[in-house]
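Asker: Please model the complete structure; the sequences and the hints are all you need to start from.
Next come the chains, spelled out residue by residue.
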Amino acid sequence: MRTILLVGNPNVGKSVLFSRLTGVRTTVSNYPGTTISYTRGFTKLGEEKLEVIDVPGTYTLEPTSEAEEIALKMLKNGNVIINVVNATNLERSLYLTLQLLEMDTPVVVALNMWDDTRHRGIDIDLEKLRMMLGVPAVPTVAVTGEGIKELMESIPRATSPDGPTRSRDERWVAIGEIVDQVQHISHRHHTWLERVQDASVKPLTGGLIAIAILVLSFLVVRFIGESLIGYLLEPLFNGLWAPVVLRVSALMGGSGFLHDIVVGKLVGGEVNFVESFGLITSGLYVPFAMVLPYIFSFYLVLGLLEDVGYLPRLAVLMDTIMHWLGLHGYAIIPTLLGLGCNVPAVLSTRILESKRERFIASTLVSIAVPCAALQAMIFGLVGQRGGQYVIMVYGTLFAVWVILGIILNHSIKGFSPELLIEIPPYRIPPWRIAIQKMWMRIYGFLAEAIPIILGAIVIINMLYLFGVFNAIANITAPVVSGLLGLPKEAITSLVIGFLRKDVALGMLAPLSLTAKQLVVASVVLAMFFPCIATFVVLLRELGVVSMCKAAGVMIAAALITGGLLNLML
Amino acid sequence: MPLSHMRPGQSGMIVEIQGGFGLINRLNGLGILPGKRVRKISAMIARGPVTIEVDRVQVAIGFGMAKRIIVALDQ
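Heads up: the protein sequence lines correspond to chains G and P, in order. FYI, our numbering numbers position 490 of the first sequence as 491, with every residue one higher than the one before it. FYI, our numbering numbers position 31 of the second sequence as 127, with every residue one higher than the one before it.
Errors might be hidden in some of the hints.
What the hints assert, rightly or not - Where chain P lies over chain G, by a calculated footprint (3+ residues, C-beta under 8 angstroms):
no., segment
1, 193-203
2, 307-319
3, 452-466
Since the hints were derived computationally from the structure, they do not count as laboratory data. A virtual CB, placed ideally from N, CA and C, is assigned to each residue, including glycine.
Answerer: Written as structure tokens, this is what we have:
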């Protein structure tokens with residue numbers, strides 16, 4: 002089977018095009034570096050089945066980051082290259098095009114974002130461009146699907162023109178000639194979007210915009226999450242599901258091992274969805290009524306920020322602060338993704354240039370950035386005791402993020418590279434794509450969380466039954482009670498935290514902790530060790546040695562922070 | 097004049113990039129090379145990154161890199 006590679010600069014729409022060609026859903030955002038590993042799919046050209054690979058974006062064939070190295074390795078496996086080009090910026094896009102044309106693989110060029118050329122007063126002479134490049138060039142608008150059919154039809158005409166192998170300077174000269182002859186730009190006035198664009202990277206206005214956006218984001222996430230829980234899911238569970246649970250409980254005889262696994266322990270003859278810890282009580286209530294609403298509202302807001310193109314601007318504003326932590330501004334992207342889920346966050350550290358940065362960023366994310374599932378539970382359980390306790394948890398984690406970052410920066414050899422990123426224009430999010438991304442994230446959460454949560458509940462009940470938890474609790478009591486000031490049973494939550502942190506925090510509910518203990522436990526649980534999904538990704542991305550170092554940092558930092566909190570509160 | 101020292105709003109033409117192959121390679125990838133016209137949009141305080149516009153695209157460049165990009169200002 003022949004393989005088609007989609008190759009191009011970052012943020013030109015390769016992944017949208019890929020979705021169009023193959024029907025495979027991909028994550029699409031408006032910032033360079035969204036795609037950090039390749040995605041595979043299939044399409045048909047007449048009767049022929051073709052494999053299509055979405056390659057991470059790269060500016061040149063001399064790689065400068067891990068994502069670009071991946072792109073380069075992929076190139077050897079292609080039979081045809083679709084070079085996706087940003088039609089509004091031929092000057093820069095064509096450098097990669099010329100490099101690709103010097104290889105032996107046949108190429109067609111997709112001039113994507115063609116609709117934007119009109120708005121921006123850019124006129125491109127297609128015939129002349131095709132002639133000068135010597136390969137088919139097809140205008141496309143991937144988000145609407147315009148030109149996709151023509152692009153597919155041009156694939157049999159893909160060629161690898163005989164041309165000289167040029168030096169870097171010669172390529173730039175050649176690009177200058179092509180652009181001079183092919184592109185005509187007419188002057189036009191600045192739009193309001195462009196004015197906002199400039200304002201958001203200036204120190205004063207940019208800072209104010211950033212603060213406004215972050216505060217507003219937080220309020221919107223909270224408002225939507227709380228509303229969904231309070232007006233939809235709680236009434237649904239309490240009104241409709243609780244009677245069913247009681248009937249099941251009665252049918253199963255009201256107690257016994259199997260009853261405890263399925264229904265859990267009834268509290269005073271009533272269903273307590275948080276504390277019962279059965280499959281059909283907490284097992285459903287935690288993921289659906291406590292976590293899912295926040296997953297939805299968080300990704301709604303994050304998706305909007307991603308698609309509008311705000312994140313690279315935040316990277317510029319945060320750059321100086323991130324340098325204290327041994328990172329540069331672009332590391333804000335893994336950090337924000339980590340507030341949703343640490344797994345994609347660790348993967349996205351591939352957009353950073355050095356191993357050192359990737360280690361620091363991954364470690365900081367997995368220690369100090371609580372995922373949306375854990376945050377939802379923090380709001381749910383800690384929030385009941387008062388907003389100030391939630392602020393304590395967040396304040397502590399933020400302080401740990403900063404202090405630990407500074408320590409890592411000073412103790413690891415090397416330096417933090419400088420920021421160098423393209424800032425894409427603001428765009429109105431394409432709704433179809435935004436909804437698709439939201440669905441992928443929700444589905445991803447459900448597919449991963451539900452089996453693990455249900456499994457965790459079975460395991461928890463078994464471990465209780467066989468007295469394993471008691472044994473562990475007695476061994477770890479000096480640390481858990483002595484150092485952290487928690488009841489020794491709290492260790493069960495830390496152990497289960499390795500499976501999922503949302504369930505783990507839920508396990509603290511029946512322990513009747515004081516508000517202070519709940520703060521300590523939440524912080525330690527967040528920091529102590531990554532959940533299994535994050536652990537696997539960290540292991541793969543960092544390697545065994547670095548993972549062990551990171552784990553050491555995590556455990557030490559968690560115990561020190563927890564101990565200090567216990568003393569101070 | 098180095099890009100880092102230009103005032104926001106000023107524009108000019110890049111005349112030289114003082115750096116090794118790696119730096120030149122990365123900057124070239126983003127369309128920043130001698131002969132290109134640039135406009136400085138902003139600079140963050142405390143030697144933060146500099147944002148410029150080249151060929152209708154905005155690029156943010158760390159201060160240290162911006163020092164090595166030499167620009168001939170427009171009169």
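Asker: Each of the hints needs a verdict: does it hold here or not?
Answerer: How the hints compare with the structure:
no.: 1; hint: 193-203; in the structure: holds (count 4)
no.: 2; hint: 307-319; in the structure: holds (count 4)
no.: 3; hint: 452-466; in the structure: violated (count 0)
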